[in-house]
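Engineer: Please build the complex by placing chain V on the supplied structure of chain Y, with the hints as guidance.
In the order they appear, the protein sequences are chains Y and V. In terms of our numbering, the first sequence opens at residue 1 and continues consecutively. In terms of our numbering, the second sequence opens at residue 321 and continues consecutively.
Check each hint, because a few of them may be wrong.
[Unchecked claim] A partial selection of chain V residues facing chain Y, derived with a Cβ cut-off under 8 Å:
| no. | residue |
| --- | --- |
| 1 | Ala380 |
| 2 | Arg405 |
| 3 | Ser413 |
| 4 | Ser421 |
Please keep in mind that the hints were generated in silico from the structure rather than gathered at the bench. Every residue gets a Cβ at the ideal spot worked out from N, C-alpha and C, and that includes glycine.
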Amino acid sequence: MIRYILRRLLWVVFLLFAVSLITFIIFYLLPSADPAALRAGRQPSPSLVETIRQQLGLDQPWYVQYGRYMKNLIFHFDFGFSYQNGVPVRQLIFSRLPASISLAAGAAVLWLVVGISVGIIAAIRPRTKLDRASMGLALVGISAPVYWLGLVALYLFSADIGLFPILPGANSYVPLSEDPFAWFTSLIMPWFVLAISFAAFYSRLLRGNLTEVLSEDYIRTARAKGLSERRVVFRHGLRSAITPIVTIFGLDLGILLGGAILTETVFNIPGIGRLSYSSIVRSDLPVIQGTVLLGAFFIVFANLIVDIVYAYLDPRVRYE
Amino acid sequence: MSALLSVRDLVVNFETEDGVVHAVEGISYDVEAGKTLGIVGESGSGKTVGTLTIMGLTRANNTKISGQALFDGSDLLSASEQQMRAIRGDQISMIFQDPLSSLHPFFTIGAQLIEAIQAHRSVSKAAARDRAAELLTMVGLSDASDRLSQYPHEFSGGMRQRVMIAMALSNDPRLLIADEPTTALDVTVQAQILELIADLQRLSGTAMIIITHDLGVVAEVADQIAVMYAGRIVEQAPVAELFANPQHPYTRGLLASIPRLDRDRSSGLEPIAGRPPSLVAPPTGCAFHPRCARAFGRCSAELPPLEPAAPASAHLVACLLDPAARSRPA
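Bound-form chain V, shown alone:
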């Protein structure tokens, strides 16, 4: 079956005064209709830039983009700005990290929702308003029609994110991109929002890309997981397989740094040593080798290809270590 979104060899570079920033260095992935892809990585791994580029939101004079992003068979990267505008907010929509700064402080919630609807549907303002109230009810806000005339600052963080979700779903998109949708929220609210997103996705059958640095988040909602490091995908697998059998030392490091209730407290958390690499002058070879406890001679010289972890496996990993050696403790 052909994927709804098929990204091939996506490269995004920014020319800045400090040099060329290699934000995304050739990533490929597929998102099937109705399925969820989780993209995991730390800040600066290129996970957000990659999806913003697919939306056509990083286009600028100093941005160099190459590769393909086939959405329903047509390439988004070479589409005109006009075509992209018709797709954004209609076919593909996005939820952002910080719901306070992502809503315009001077416009009412209603005005912002109605605008999103009328950008793609030629409906009357009254009809759009009814739809907006319906959307707010759908994301679990009570007194929806009163809420429409309120401003973002009158809402709590979780409510604002619900509004963002309502806005993103206003035109029944086929692909929803959620960029760290729970990071800026209180811990108590995070689970509710995540559950809401998962429920609405099930109801609408939309496909989703969820971007996060939190493996716990993707464990709950994703079907596939891609782990990114320094602009590249270093490991990609179905969610259960990735948690059961992590291959890349970076993925293993991420898992080891999550606190777990079922582990002895004295074993402690293991942070990943070192700092994220520079994207202007990335390390040679495998970008993770300076922080990798198991790096050996070839790691600093050779770029590991993303290959099946076992023959014909859907589990892909980019590591030069011998497969048998990866799971042994360092």
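Okay, chain Y solo, but in the shape it has when bound:
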């Protein structure tokens, strides 16, 4: 097991290398705006643009730039500076990370609780009105785009433009360290909006899994032992049905920690998602590179955690 984890960690390092190289190559191969011209402002003199180009090292071939970037990253954990405003990328990312974590973690709790309970209720009452209604609603939830849901939520409930102005609207995010209560209320709407499609998907997935598991022979054995129906469903049924949910949850959370671009944009939350979006718009390569690497790190790391957890959940799985 230890050897397996070490091998996987090596693989993580290799993947991050590959991701950084590909990001660099895409940036230089595909047409993009000239970062130096963007930095120089409106109607700059050609010599100013040239000076900036030299200062940023953009006059060098891309592989020289890549080599220098990787050297700083590996030896100094230095992600470089934003082309746009000269702020260190590391500082940018660390200042944006708490907002993204707050958003992702809160939404994750919400969608797990809602998705799992709705899935169980639908599975133990198959083909009833309750089952059909909740699964139909879940289908709507999966289909509704998050930016649309976000706008509808703002239109309905936000303090400034809402029909029922009961919750702080867009642009109201406050860090947890400053004011926990304001942090909580400002995130209620984004949490729900982000969680809806996940909760819907998880409930449908769990309903399917659990329905299937409850028709397994070993569930019949559990009933034949004289166990209570509650114990049959929760201990024997859920134990099997939840395993695929754990896998997906790890991956979903990993992806969201790298930034929920749409939700952060709709609610104007200063997280990683909005940072990466604005850096792409401004051809700000070091920031793009930083956010992409962060996102890739969360995803491959979540994958590793999921695989390790899986070996504990399913005794038939053994890695060597």
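Structural biologist: Quick look at chain V alone, frame taken from chain Y:
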């Protein structure tokens, strides 16, 4: 003497999208304390559904159940779910066909045995664990206390079935239902498991219903045999009588399709022609008549009653043929 289990006119229908499935169409039998009833029939004859219903395991909105199943004088079919839960795994327990899929893959053998014990006995976990180890030794598994912490996938098929038997016997049931206990096992293991079941039954004095499609299995362990076809019992007799003097054409067909060492190889096996009947739209009259070489006019119109083969005989048969004509070759 009154029977331990007395089933009367048991009917089980399932309402499905394809129509009503007539799984069990009015069966009656008795199981005496300490004795073994063998129920024989092909897939879809209702042999498993009937016993699962007695256990209260087929109850659902789309299931229609009628009749009686008196266990020790009280009716299991009208008992509450709460009462059934107290009986299942304690008074009546069950061994299933496929021991791999019948054990939970994520729990250790020990956890599953301890759970079965603690479901009906308020004993400490340590005491239940000791009992579980004792049970495993009883069913012939060595190193019982080490085995408790192993998972089902670490066991062979025969060992898994031994675990299922240990689980079924954990609370000294008065009735054991074994549903095709050897079907999913290697041929070499089948005899061992059958012998184990028979030995343990003798030791504990529990009554047993053994369900199988294999007449060879019941010949070894059963006292009485009931042959089922399309949800009905078509013939019922003490084991020796049934093998010596089969009456129903279906029973005779089953016996003729068993390979025998004492018969000339050139005589070959005689399969029963045709396919098992639909349970949604069963044939009129005797359900076996479309496959019966000896069917005549009345067979497709009249449902034969289950009657003594000879006056006052314990051998019951449901066939319209003249008794003298049944044993003549067709």
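Engineer: Failing hints, ascending?
Structural biologist: 1
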